[in-house]
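Enquirer: The listed protein sequences derive, respectively, from chains A and B. Here the numbering used here is used: the first residue of the first sequence is 32, the next is one more, and so on. Here the numbering used here is used: the first residue of the second sequence is 32, the next is one more, and so on.
No wet-lab data here; the hints were simulated from the structure. Where a beta carbon is used, it is the ideal one built from N, C-alpha and C, also for glycine. Keep in mind that a hint or two might mislead.
Stated by the list, open to error - Going by beta-carbon spacing under 8 Å, a handful of chain B positions derived as facing chain A:
1. V35
2. L50
3. R54
4. V65
5. E69
6. Q227
7. M255
8. N269
9. P272
10. C273
Number of protein chains: 2
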Amino acid sequence: MARVHNFYAGPAALPLEVLEETRDELLEFRGSGVSVMETSHRSKEFDALHNETIGLFKELMGLGDNFKVLLLQGGASLQFAMVPMNLLGEGKSADYIQTGSWSKKALKEAKLFGTVRVAGTTEKDGVFRSIPKQEELDLDPNAVYCHLTSNNTIFGTQWRQFPDTGGVPLVADMSSDILSRAVDPAPFGIIYAGAQKNLGPSGVTVVAIRDDLLEKCSKDTTTMLNYHTHADKNSLFNTPPCLAIYILHKVLNWTKKQGGVASLEKINDAKAKLIYGAIDGSNGFYNCPVEKDSRSYMNVVFRLPTEELEKKFAGEGLAAGFLGLKGHRSVGGIRVSMYNANGLESVKDVVGFMKDFAAQNS
Amino acid sequence: MARVHNFYAGPAALPLEVLEETRDELLEFRGSGVSVMETSHRSKEFDALHNETIGLFKELMGLGDNFKVLLLQGGASLQFAMVPMNLLGEGKSADYIQTGSWSKKALKEAKLFGTVRVAGTTEKDGVFRSIPKQEELDLDPNAVYCHLTSNNTIFGTQWRQFPDTGGVPLVADMSSDILSRAVDPAPFGIIYAGAQKNLGPSGVTVVAIRDDLLEKCSKDTTTMLNYHTHADKNSLFNTPPCLAIYILHKVLNWTKKQGGVASLEKINDAKAKLIYGAIDGSNGFYNCPVEKDSRSYMNVVFRLPTEELEKKFAGEGLAAGFLGLKGHRSVGGIRVSMYNANGLESVKDVVGFMKDFAAQNS
Chain A
32 MARVHNFYAG PAALPLEVLE ETRDELLEFR GSGVSVMETS HRSKEFDALH NETIGLFKEL
92 MGLGDNFKVL LLQGGASLQF AMVPMNLLGE GKSADYIQTG SWSKKALKEA KLFGTVRVAG
152 TTEKDGVFRS IPKQEELDLD PNAVYCHLTS NNTIFGTQWR QFPDTGGVPL VADMSSDILS
212 RAVDPAPFGI IYAGAQKNLG PSGVTVVAIR DDLLEKCSKD TTTMLNYHTH ADKNSLFNTP
272 PCLAIYILHK VLNWTKKQGG VASLEKINDA KAKLIYGAID GSNGFYNCPV EKDSRSYMNV
332 VFRLPTEELE KKFAGEGLAA GFLGLKGHRS VGGIRVSMYN ANGLESVKDV VGFMKDFAAQ
392 NS
Chain B
32 MARVHNFYAG PAALPLEVLE ETRDELLEFR GSGVSVMETS HRSKEFDALH NETIGLFKEL
92 MGLGDNFKVL LLQGGASLQF AMVPMNLLGE GKSADYIQTG SWSKKALKEA KLFGTVRVAG
152 TTEKDGVFRS IPKQEELDLD PNAVYCHLTS NNTIFGTQWR QFPDTGGVPL VADMSSDILS
212 RAVDPAPFGI IYAGAQKNLG PSGVTVVAIR DDLLEKCSKD TTTMLNYHTH ADKNSLFNTP
272 PCLAIYILHK VLNWTKKQGG VASLEKINDA KAKLIYGAID GSNGFYNCPV EKDSRSYMNV
332 VFRLPTEELE KKFAGEGLAA GFLGLKGHRS VGGIRVSMYN ANGLESVKDV VGFMKDFAAQ
392 NS
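Take the sequences, apply the hints, and build the full model.
Expert: Written out as structure tokens, the structure reads:
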């Protein structure tokens, strides 16, 4: 089978040149005589790669010296626990804004470690169709932090503009839209992301933590879940996921070569305009349940007139070389996930397929 | 540079055919049209790989249906916390046998979660030269479990025969000698191992937990550190480290093709006989500080007459194509780590180098 248009929600498409370079270098890493999987994480070759990766991430995100970047394991799901475990405790409270399944999971873990408030939610009858507006939020000015999920893969919503918390540090799970657009890091205390969308393969989790929040972290937490451990040891307290970091390095390099987030944002805007245009111009054959100003530019969810047509659409799409069009099992429907590695051409192609399908099945 | 003899302690040598297969298949995974890094962890292709991996591990280890095998992240270091977090608590006590740096780290974490006893230690003046004998142990018959480190990479010792705990389940960190020899799983309640020695690349941690211990695990632990979460969801609660699991699968297949642990044990025995023979037959030029019946078959540590000669040995060894001969930074000296992927030939070659070096520098 030839390589296909990959619209999986994550793990997701990676740039072809990243895969090809990884393949070509797989038996030998930087003249060391061994594969990157076989080299010591204390070797000078790996150490250089590790620090370059952190440097590239900081550069692309525009993070100043007041941020430490950690390369961890366990995915965003482990960060759901680590954030409150490190920052909550007696007499401390955090705000959690609810916009979907992932923010609910983050809230659930936080409740184990201290006082948490729901500072806003758009849940109605078990589903989320929008991002809360500023005036819909009930923010605590004394919160240690305010947690949000920047993009919601399942419900297809995205914070198009981050809320004003009046100085309370934002803690953001950016797993599914990191590096897809320019973000001013100033209001953020912690930004974390599992790699498997815009950063690389699954198995490495990037955490950027601002110095003032790091200082507030408890020192009593169990070693591996303590941000101090990883900040103090530059994420080399124990063996890191070397191969995943190596591919992350390549994806960051690729991102830089594309012109960084400013250039990718333009392409992502064009992709979103194209596919939402096709949905809104389909005379109701395709229907996006998300409010217009909350629509995700990464995960486009929509419905067809019947579930049977949705099944047919996903099946014929797969046969035509479009992988991963089925919506998340919890909500059904169709989902087109289009991260940085999905170029404008692949979105043009799927939009062409959508138009043909609508014409044939209306 | 040509591929070299890799004696790193971990990440360590992998079988060449595993690397070559990974390279050849990197752009397309099982006819899916995308790389294994790009496929959904919910896809039928990945699901099959995942279950095959677990099945192969159980088969090679001789684990019955009473063991659940989990594929996790965070390395053995995270297991140091997860084991007591799940199994200790009020009124419960665990035994910890101390044989080196890793067992000390495991003990340190356990103290955060309940009562722990040191049931034996061979530490003298900060170093460990042996494994405790049965009569040197002070075991608690009421302990929830008894923890040990099966092989000690830094001090070069190994449990050649596991202790009799009178029915108290052993919990073993087998990171550095798993699948290197036949082990009767009957006395073990939990066996865990970071992959980066005999199993694959860093970034995946294998945990085998017996049903009766799983039943004793707390249900209140934070979600990602709760063994129930991963057992209930077959290690697919969140996105697993797919690429690392894919290579683990290949290493397990390779292990099976070698004839399994019984065949590899014979080779490992021959390798150990060869190199310890060279050390003991060097008229004291090489000196292994470890008691003979505690010597590791995986990590062979030895000293030369002076630190200068050790430096020269490691430097000339590297120039001759032997990578990673320097001992761990905490103890100095020389270390030859020879896991399953290091064949008898590579040990013959390094022993030849040792003989030449001794002749030239005695």
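Enquirer: If a hint holds in the structure, say so; if it doesn't, say that too.
Expert: Structure-based check of each hint:
This hint holds: V35 (chain B) has a C-beta 4 Å from the nearest C-beta of chain A, less than the 8 Å allowed. Checking L50 (chain B) against chain A by beta carbon gives a least distance of about 5 Å; that is within 8 Å, so the hint holds. Contact between R54 (chain B) and chain A, as hinted, is supported at the beta carbon level, the nearest pair being about 4 Å apart and thus within 8 Å. Nearest Cβ of chain A to the Cβ of V65 (chain B): about 5 Å, under the 8 Å cut. The hint holds.
Using the Cβ-Cβ criterion of 8 Å, the hint placing E69 (chain B) at the interface with chain A is satisfied: the shortest such distance is roughly 6 Å. Interface restraint check: Q227 (chain B) against chain A, minimum CB-CB distance 6 Å, threshold 8 Å, status holds. For M255 (chain B), the interface hint holds, the least distance from its beta-carbon to any beta-carbon of chain A being 5 Å, beneath 8 Å. Taking 8 Å as the C-beta contact cut-off toward chain A, the hint placing N269 (chain B) at the interface holds, the least distance being around 4 Å.
This hint holds: P272 (chain B) has a C-beta 3 Å from the nearest C-beta of chain A, less than the 8 Å allowed. Of the supplied interface hints, the one on C273 (chain B) holds, with its beta-carbon coming within about 5 Å of a beta-carbon of chain A, less than 8 Å.
In this structure, none of the earlier numbered hints is contradicted; all agree with it.
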